[in-house]
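Line by line, the protein sequences give chains V and L. In this text, residue positions in the first sequence follow our numbering: the first is 342, and each later residue adds one. In this text, residue positions in the second sequence follow our numbering: the first is 216, and each later residue adds one.
Treat the hints with caution; some may be incorrect.
[What the hints assert, rightly or not] Where chain V lies over chain L, by a calculated footprint (3+ residues, C-beta under 8 Å):
| no. | stretch |
| --- | --- |
| 1 | 260 to 270 |
| 2 | 354 to 366 |
[Stated by the list, open to error] Below, computed lysine to any residue pairings styled on SDA-like, alpha-carbon distance capped at 20 Å:
| no. | chain 1 | residue 1 | chain 2 | residue 2 |
| --- | --- | --- | --- | --- |
| 3 | V | K385 | V | F708 |
| 4 | L | K433 | V | A423 |
| 5 | L | K431 | V | S515 |
| 6 | V | K385 | L | S322 |
| 7 | L | K433 | V | D697 |
| 8 | L | K352 | V | R381 |
| 9 | L | K431 | V | R390 |
[Claimed, not checked] Taking beta-carbon pairs under 8 Å as the criterion, some of the chain V residues facing chain L (in silico):
| no. | residue |
| --- | --- |
| 10 | R390 |
| 11 | Q493 |
| 12 | V510 |
| 13 | N730 |
| 14 | G731 |
None of these hints come from the bench; they were simulated from the model. Yeah, the Cβ is synthetic: ideal placement off N, Cα and C, and Gly gets one too.
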Amino acid sequence: MGSTITIDPVTRIEGHSKITIQLDDDGRVADARFHVTQFRGFEKMTEGRPFHEMPSLTARICGICPVSHLIASAKTCDALLAVTVPRTARNLRRIMNLAQITQSHALSFFHLSSPDLVLGMDADPAKRHLFGVASAAPQLAQDGIALRKFGQQIIELLGGKRIHPSWIVPGGVSHPLSQEDRDAILAMIPDALKRAQRTIDWYKGTFSQFSDEIRTFANFPTLFMGMVNPKGDLSMYAGRIRIMNAVGDIVADQLEPATYQQWLAESVEPDSYLKSPYYKPMGYPEGIFRVGPLARMNIIDRCGTTIADQEWAEFRSLQRGAVLSSFHYHYARLIEIIYCIERIRNLLNDPDILNDHVRSFAEPNAFEGVGMSEAPRGSLLHHYKIDKNGRIIWANMIIATGNNNLAMNKGVYQVAKHFVRGEQIQEGMLNRVEAVIRTFDPCLSCSTHAVGQMPLQVQLLAPDGAILDERFQG
Amino acid sequence: MKRQTQARIITLKIDGVDVAAREHETILELAQENNIFIPTLCHLDGLSEYGGCRICVVEVKGSNRLFPACMTPATEGMEVITNSERLRLYRFSILDMLFSERNHVCSVCVSNGHCDLQYLSAKLGMTRVEVPYLNPKVDVDASHEHFIMDHNRCILCQRCVRVCGEIEGAFTKGVMGRGVNTRIIHDLNGAWGDSDTCTSCGKCVNVCPTGALVEKGKSAGEMVKRRDWLPYLRLMQED
Chain V
342 MGSTITIDPV TRIEGHSKIT IQLDDDGRVA DARFHVTQFR GFEKMTEGRP FHEMPSLTAR
402 ICGICPVSHL IASAKTCDAL LAVTVPRTAR NLRRIMNLAQ ITQSHALSFF HLSSPDLVLG
462 MDADPAKRHL FGVASAAPQL AQDGIALRKF GQQIIELLGG KRIHPSWIVP GGVSHPLSQE
522 DRDAILAMIP DALKRAQRTI DWYKGTFSQF SDEIRTFANF PTLFMGMVNP KGDLSMYAGR
582 IRIMNAVGDI VADQLEPATY QQWLAESVEP DSYLKSPYYK PMGYPEGIFR VGPLARMNII
642 DRCGTTIADQ EWAEFRSLQR GAVLSSFHYH YARLIEIIYC IERIRNLLND PDILNDHVRS
702 FAEPNAFEGV GMSEAPRGSL LHHYKIDKNG RIIWANMIIA TGNNNLAMNK GVYQVAKHFV
762 RGEQIQEGML NRVEAVIRTF DPCLSCSTHA VGQMPLQVQL LAPDGAILDE RFQG
Chain L
216 MKRQTQARII TLKIDGVDVA AREHETILEL AQENNIFIPT LCHLDGLSEY GGCRICVVEV
276 KGSNRLFPAC MTPATEGMEV ITNSERLRLY RFSILDMLFS ERNHVCSVCV SNGHCDLQYL
336 SAKLGMTRVE VPYLNPKVDV DASHEHFIMD HNRCILCQRC VRVCGEIEGA FTKGVMGRGV
396 NTRIIHDLNG AWGDSDTCTS CGKCVNVCPT GALVEKGKSA GEMVKRRDWL PYLRLMQED
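Bound conformation, chain V alone:
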């Protein structure tokens, strides 16, 4: 008799979800699904609000990456104002976005995933957490906490507070950077860079132990999507979209974000609140693509900063064509941390960064606007329509995590198929199913635009739907 395993809730991720694994009569995995169990409805909630409130309103979608929403939303509002944002303001926004990516990547790699990497996938769950890492590898834990602090402190120095700063506004930023704060950030750079390099050196010596996981953690051909600048360099703030296939060929390049409806569509699954975007020309589900650090490291021609580019060259030698295993999201994340630190330093060394012309003012000049930026987890898009009085009449947001939904589902199936045997759930197997999700660093609160803790549920279901076995973590 077949059965279904349910992992509910999925742990060490941001948001609420569960995984169900369907077994056939012989106890082999027939299907596995990743369900996002929370609903928020921000797109509806914002209707009727003056568009100037949108950056702060949508930033409340998430406490981990409010800056990403601030940026995508402010860029959408810039499009509504139809103004050119002053160069200094664009660069200040860039710095905050890079600081945000650094702190979010540090949270994902060190706080959420490093327990699996340092202590092992089969380690005692009672010790498999950040405190376990702090006992086993104190330097690594310290580096993780310091790198997150580095990002958060920059956000605070720029925006006045670490979470939900309201500094990024339509037309620019609300106040310029002081020389004192610029110098304070620059003084933090060498230590952060040293910690990031030490971590990547450790990781490069470690990840080969996970060959089984690398082979099976969402390791399949998909498209990869991300933003690049006109030269093809990594770009987190502004640029156009590039799409690459699994063998490394560019399928589409320099796609204008405002035209996203021509090449991007969203499908709705009956068992999840998370929608599944796909590349429209290839249809559903063949248009499956991945976004985020792995995708970005695949699609770019180079990062554009010295140390990150050296690491990137080494990363790209892992596989011909595109690097396909989602396990390498971790690796890509570490390269991006280095890139962010270097790029912050370069931007701050431009004397123009202290210019006090940081905001453009205008009445709304367009009734529709699209804004896109690279969030820690991938490409983030906001799209608003307003009435003649500047009130939101329609809003659509395509969140980075959502873009990875099809790949996460397929990844859960691949891992379950490889590791799950019989009807009894082994803890190590359950952890691997969760760990594949963690490689994507999903932010489900964002992508369903929930409130509460972040817990995983695994259910073992019989072909008739009866629950045979069930495990909870939370």
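Using the hints provided, position chain L relative to the given structure of chain V.
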């Protein structure tokens, strides 16, 4: 300047302290002169008293009922209590009902950090709203060229109505409906932007205690109201 006339002096106690008041002086005015804190919301120096919000209620010995300090004249021998457990609970109830009646979401409000309602709630030690939220669907009137009227954040203090009539003399703003359906309206309940009488002076925006009346183009926390001009305008008008 206003000519001083001979006034009778009234003596009374506020919170056990002997104080002296001029004739017709209210308990609120007297308390403010003597640096005794009584919370207010609908009151604003320079505007007539309305007594609508009831947050300034005080106890008077010898009476079981509560008195709005802004509307109650000081009388000889009166013993006023401005701070008691009973008053604290009444004031919390008022704040509870103000917060629950409309949609006040401080974190994303343009007046966050510069709001009288938010400041007062924090000062009085409010930590939660005990009354269930009504979550009404309320409109935002953004038809005016420069200003926005967000009924979600209106507490019906009517400062805007008073300043519009008493100081600007335009009488654009008024009140319509009853109870929870009460709304601030413009002229004969038309869109603000279509008003023939509004002079776009912006006084209503600056006297509004919350983010209900704000300038267009402001982001969260950016709307700072300026009210220091109001008592001067009143003095000039009286002269």
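Do the hints match the structure? See the list:
1. 260 to 270: violated (count 0)
2. 354 to 366: With 6 residues in contact (Cβ-Cβ under 8 Å with chain V), the coverage given for the stretch 354 to 366 of chain L holds.
3. K385/V x F708/V: holds, 18 Å
4. K433/L x A423/V: holds, 17 Å
5. K431/L x S515/V: Within the cut-off at roughly 15 Å; holds.
6. K385/V x S322/L: At roughly 18 Å apart (the allowed maximum being 20 Å), S322/L and K385/V satisfy the hint.
7. K433/L x D697/V: Between K433/L and D697/V the Cα gap is close to 19 Å, so the pair holds against 20 Å.
8. K352/L x R381/V: holds, 18 Å
9. K431/L x R390/V: holds, 12 Å
10. R390: Constraint on R390/V satisfied, holds at 7 Å.
11. Q493: violated, 19 Å
12. V510: Where the cut-off is 8 Å and the nearest Cβ of chain L is about 4 Å from V510/V, the hint holds.
13. N730: The hint holds - N730/V has a Cβ within 8 Å of chain L, the shortest such distance being about 4 Å.
14. G731: holds, 6 Å
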